[in-house]
Amino acid sequence: MNPAARTWIDELLPPAVPVALCLLLALIAALPYRIPGLAAVMPQLMLIAVFYWSLARPDLLPVLAVFLVGLFQDIITGGPLGLGALVLMLVRVLIVSQRRVLMDKPFVVGWSGFMVVALAAAVMSWILAATYYGRIPDPRPPLVQLVLTIAIYPALTWCLGRVRITLYR
Amino acid sequence: MRGLGGGTRRLTVPVRALIARLSLFLLFSSTVALFVLSRAENATLSQFTNTVVAATAPLLDVLSRPVDAFHDLRDWAGNVVFLYDENRRLREQNARLRQWEAVARRLEQENDRFRAFLGVTRDQASSSVITRIIGDSGGSYVRAALLNGGRRDGVGEGQAVVGVRGLVGHVVAVGRHSARALLLTDLNSRIPVMVENSGFRAILTGDNSPMPRLSFLEVGAQLRPGDRIVTSGDGGLLPPGIAVGQVVASGAGDRIKLFADADRLEFVRVLNYVAPRVEAGVAGAGEAPE
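Same order as they appear, the protein sequences are chains P and V.
Residue 110 in the numbering used here sits at position 110 of the first sequence, and the numbers go up by one each step.
With the second sequence counted from 1, adding 1000 to any position gets you the numbering used here.
With the rest of the complex left out, here is chain P:
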């Protein structure tokens, strides 16, 4: 393999996996599970993924990638365009700036940090949705969604951790 191709692979391939994972998570969240009421409270898998990668390897998920996957999620869900992208980008910027505080701490610290971030993201999404639709949306489904997202955080980050260790050492 010539050096040019190798550098191309070295440049583009590493971010490809986290981005592909985020896109896959968006699709998984959009599947019809035929469980009544689940669609309204589906946990925000992509929020967890962006939080995780921003904390563990922000170089693998640059801001542009976060913008694009957030936009993809907005398009798939049919919600206001840019809402998800905005919230996810803010999360990334926030986490990267606070990385030193959260790095190499026990898992519970990261989880608590995520709870705060998820709550802030939920409130912001709610306000933006109210602005967009011109109506006050019922806060109960987003609240249940927040709880479910926080609950699924350990499982998902464990999977992402395995991916990171396997691929990026």
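Don't read these hints as lab results, they were simulated from the structure.
The structure displayed is predicted, hence computed values, not measured ones.
For glycine and all other residues, C-beta sits at the position ideal for the given N, C-alpha and C.
A portion of the hints provided could be inaccurate.
These stretches of chain P come out as covered by chain V in the derived footprint (C-beta under 8 Å, 3 or more residues) [to be verified]:
1. 58-67
2. 141-147
Which chain P residues face chain V? A few, computed with CB under 10 Å, are given here [as the list claims (entries may be wrong)]:
3. Leu13
4. Val17
5. Leu21
6. Leu31
7. Tyr33
8. Pro36
9. Gln73
10. Ile76
11. Leu86
12. Leu94
13. Phe107
14. Val108
15. Tyr132
16. Arg135
17. Pro137
Guided by the hints, dock chain V onto chain P, whose structure is given.
Structure of chain V alone, referenced to chain P:
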């Protein structure tokens, strides 16, 4: 020489930081711009989103099959376990349905005789396309479903989406092979309906809750729990007479319990309805309808 090299290195770091901040600002502004544009229902933007959805539809189709297989397996297991009871229930239901079939046939013939007597033309039969639901909205503020059929299959914007028991929603965006249907429960769903017995008109308004409410109910209308609500056909987009739901009394005004269970459906029908139009030059076309 060394000083020069060191000098250029010292220059590029703040420049790089500036570029980073600039690109961040650009991305944030882009999201705001997109937010505003999508609110304004920009056509090019809609086309772009439709293209993305269309591209992902085959993937969703494939990914959703295991979910359906799981549910089929669960239903099959349930059927096997309760085989005897299910059999008896189906026999009884069959007997009842045969009686209704006889009544329906008699009424249909009577109806045809009346129509012929009055000179009333029969409503145009609408064709329909059966599509599979391949995606939920997955968002907290949207109640929608992604369908496996698009323009190529005859699906068009505004068409009614019907489940086995009643109306589910209507199509809001169509691609070549996929479409998005806004469910009746969505915040933005507005369907012209009427109370079946009395004929009073209203608008079925969704608010992201499981039971939509009736807005703009005609003055003088009285709603009773149990009243059937059907589409009124006003506006010409949805065919009249499709079952929607039943009035249930609740604390905060009357709500409609929908017949169709959109969460559990796998297949839906999209109705290609063309409203009867008044043609120019026909005698009596000058008179106002009704």
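If you take the shortest Cβ to Cβ gap from Leu21 (chain P) to chain V, is it below 10 Å?
violated (14 Å)
Please verify that hint: Tyr132 (chain P), Cβ, nearest Cβ of chain V, below 10 Å or not.
holds (6 Å)
How about Tyr33 (chain P): closest beta carbon in chain V under 10 Å, or not?
holds (6 Å)
Using the nearest Cβ pair, does Leu94 (chain P) come within less than 10 Å of chain V?
This hint is violated: Leu94 (chain P) lies away from chain V, its Cβ roughly 12 Å from the closest one there, beyond 10 Å.
Let's test the interface hint: is any C-beta of chain V closer than 10 Å to that of Arg135 (chain P)?
holds (6 Å)
Tell me if chain V covers the stretch 141-147 of chain P under the three-residue, 8 Å CB rule, please?
Result for this restraint: holds, n = 3.
Hold the hint about Gln73 (chain P) up to the distance rule: shortest CB distance to chain V must be less than 10 Å.
Given a least distance of 8 Å, the restraint on Gln73 (chain P) holds.
Interface hint status, Pro137 (chain P) versus chain V (Cβ within 10 Å)
Holds: closest Cβ of chain V sits about 6 Å from Pro137 (chain P), inside 10 Å.
Should the hint that Ile76 (chain P) touches chain V count as held when the rule is a Cβ pair under 10 Å?
Holds - the Cβ of Ile76 (chain P) comes within 10 Å of chain V, reaching about 7 Å at its closest.
Chain V contact restraint for Pro36 (chain P) - C-beta distance below 10 Å
holds (4 Å)
Is the interface hint satisfied for Leu13 (chain P)? The criterion is a beta-carbon contact with chain V at less than 10 Å.
Nearest chain V Cβ about 21 Å off; hint violated.
Please check whether Leu31 (chain P) passes as an interface residue: C-beta within 10 Å of a C-beta belonging to chain V.
holds (5 Å)
When each numbered hint is compared with the structure, violations occur for hints 3, 4, 5, 12, 13 and 14.
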